[in-house]
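Going down the list, the protein sequences come from chains A and B.
Going by the working numbering, the first residue of the first sequence is number 1, and it counts up by one from there.
Going by the working numbering, the first residue of the second sequence is number 1, and it counts up by one from there.
It should be emphasised that the hints constitute simulated quantities derived from the structure, not laboratory data.
Worth double-checking, as some hints may not be accurate.
Once the Cα atoms are required to be at most 16 Å apart in a straight line, the calculated EDC-like pairs of lysine to aspartate or glutamate come out as [what the hints assert, rightly or not]: (1) B:Lys65 x B:Asp101; (2) B:Lys138 x A:Glu100; (3) B:Lys211 x B:Asp200; (4) B:Lys108 x A:Glu100; (5) B:Lys65 x B:Glu221; (6) B:Lys142 x B:Glu91; (7) B:Lys142 x B:Asp156; (8) B:Lys187 x B:Asp200; (9) B:Lys39 x B:Glu221; (10) B:Lys69 x B:Glu141; (11) B:Lys138 x A:Asp138; (12) B:Lys108 x A:Glu139; (13) B:Lys138 x A:Glu139; (14) B:Lys108 x B:Glu155; (15) B:Lys39 x B:Glu184.
Some chain A residues well away from chain B (every beta-carbon gap over 10 Å; in silico) [stated by the list, open to error]: (16) Lys65; (17) Ser140; (18) Ser206; (19) Gly215.
Remember, it's a predicted structure, so these values are computed and weren't measured experimentally.
Even glycine gets a Cβ: it sits at the ideal position worked out from N, Cα and C.
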Amino acid sequence: MFRNQYDTDVTTWSPTGRLFQVEYAMEAVKQGSAAIGLRSRSHVVLACVNKAQSELSSHQRKIFKVDDHIGVAIAGLTADGRVLSRYMRSESINHSFTYESPLSVGRLVVRLADKAQVCTQRSWKRPYGVGLLVGGLDESGAHLYYNCPSGNYFEYQAFAIGSRSQAAKTYLERRYESFQESSREDLIKDAIMAIRETLQGETLKSSLCTVSVLGLEEPFHFLDQESIQKVIDTFEKVPEEEEDAGEGEAEPEAAPVAAGTGEQGGSGDQDVAPMEM
Amino acid sequence: MTFTIPIENGNGVKDAEADSQRTLYPYVTGTSVVAIKYKDGILMASDMGGSYGSTLRYKNIERMKAIGKHSLLGASGEISDFQEILRYLDELTLNDNMWDDGNSLGPKEVHNYLTRVMYNRRNKFNPLWNTLVLGGVKNGEKYLGMVSMIGVSFEDNHVATGFGNHLARPILRDEWREDLSFEEGVKLLEKCMRVLLYRDRSAINKLQIAKMTEEGVTVSEPYSLKTFWEFKAFTNPTVGAEGS
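Assemble the whole structure, with the sequences as input and the hints as a guide.
Structure (structure tokens):
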């Protein structure tokens with residue numbers, strides 16, 4: 001992005017009607033590691049790539065339980081994400097206490113969006129540098145929303161955010177029409193396959209991804225490593241028709257295979273700023 | 001019926017001032033409300049009287065009101081506090097509608113909201129002097145609950161307030177069934193209200209019955225119950241009594 005004279009303050013408009021600070025905040029989301037969400041009529045799956053700072057450290061938590069019926073996956077500044085997750089948990093539990101009833105996802109998302117908007121209209125604040133994929137189930141069905149640093153929110157059948165998310169989005173675009181009626185297992189499989197797209201040739205292992213599910217009669221919870229590995233095993237052995245052969249169980253760490261689905265080439269592992277994941 | 005809540009401290013004059021800031025006793029009160037679940041939803045009955053102490057002063061007070069699309073609220077106790085509660089609920093339902101998102105407050109949510117309000121007021125020694133009955137149907141599920149002025153709340157298949165607890169509930173315990181039809185339910189409620197009319201001196205013979213089903217709420221026009229006063233014992237009540 002180019003520097004220009006209208007981008008110092010979030011409360012300064014550019015002559016073309018843009019708030020550059022807000023757009024820069026959305027850039028921060030694109031630098032974070034990928035997070036993916038999909039929904040069917042009865043379930044929502046959130047998945048993300050586990051990125052660790054170094055081999056010595058553990059990976060950052062990017063998916064949070066907000067309530068039994070709502071979960072959130074974040075990409076961007078994880079510290080901002082953690083604070084917003086705490087806000088969401090607080091709103092949810094306060095609603096439950098007063099009304100003995102789960103907070104509907106749509107209302108939670110609007111409150112979150114309004115909170116983000118405030119930061120785009122105060123000179124002493126900065127926008128939150130995190131994108132949130134909020135998935136949840138309420139009496140009007142299963143929902144997946146994406147909340148932006150700009151204060152906008154959108155509802156999706158499936159979406160991906162973060163670095164190399166375009167690959168995942170392309171995969172999801174091909175398949176999203178079947179998601180509404182998907183079974184729980186198919187939905188999970190699609191999520192993991194979408195994660196694989198963002199890995200660009202790296203072998204998909206269960207240690208590299210975190211997957212969470214929620215649905216009717218199924219409160220939000222994480223899938224354990226073995227369950228994830230089982231799903232991976234069902235498709236890693238078979239060469240995919242859509243992909244170039246070369247994915248398969250052999251030779252993981254050798255020279256990275258060119259990704260079959262053409263999208264942004266080039267970007268190997270970017271130098272990730274320490275606070276972003 | 002006066003009932004003072006003593007708060008001990010050394011400031012005699014200041015006490016009177018502070019006391020004017022909180023409810024000490026009720027002034028215009030409504031008597032019992034009786035409600036039952038029946039096959040298609042909820043039936044609730046109450047009379048239209050507002051007593052000023054022992055005077056039956058107001059004879060046209062509606063003590064049952066619809067709340068949102070799914071709930072019905074009946075109240076006994078201080079009428080002005082009931083009106084205040086209706087204002088709170090008005091605000092609540094208004095905000096709920098403003099979201100415009102297909103979700104709506106059900107009876108369970110309203111009941112719990114009221115429980116929180118009543119309990120919080122009780123904690124400040126400034127209660128809303130009512131016993132509330134909250135009934136409703138949402139998505140086929142029937143709900144009937146009660147909240148008292150000290151925040152005690154529970155659900156049941158049949159509830160009553162005030163004198164209704166002592167006179168009506170025993171009848172309901174004997175005769176209530178899960179699959180009462182509308183006519184049977186009304187007959188049962190009228191039986192309870194008749195007993196209350198005979199025995200509760202703050203009851204008047206002008207009542208309304210409200211019906212709550214999935215389709216919505218209907219509150220009947222006011223009507224009176226037939227009563228019978230020609231019992232032989234009433235013609236000469238003191239015959240055979242000691243000392244007559």
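The hints, checked one at a time:
| no. | hint | result |
| --- | --- | --- |
| 1 | B:Lys65 x B:Asp101 | violated (24 Å) |
| 2 | B:Lys138 x A:Glu100 | holds (15 Å) |
| 3 | B:Lys211 x B:Asp200 | violated (24 Å) |
| 4 | B:Lys108 x A:Glu100 | holds (7 Å) |
| 5 | B:Lys65 x B:Glu221 | holds (13 Å) |
| 6 | B:Lys142 x B:Glu91 | violated (24 Å) |
| 7 | B:Lys142 x B:Asp156 | holds (10 Å) |
| 8 | B:Lys187 x B:Asp200 | violated (19 Å) |
| 9 | B:Lys39 x B:Glu221 | violated (22 Å) |
| 10 | B:Lys69 x B:Glu141 | holds (14 Å) |
| 11 | B:Lys138 x A:Asp138 | holds (15 Å) |
| 12 | B:Lys108 x A:Glu139 | holds (14 Å) |
| 13 | B:Lys138 x A:Glu139 | holds (11 Å) |
| 14 | B:Lys108 x B:Glu155 | holds (10 Å) |
| 15 | B:Lys39 x B:Glu184 | holds (10 Å) |
| 16 | Lys65 | holds (22 Å) |
| 17 | Ser140 | violated (5 Å) |
| 18 | Ser206 | holds (37 Å) |
| 19 | Gly215 | holds (19 Å) |
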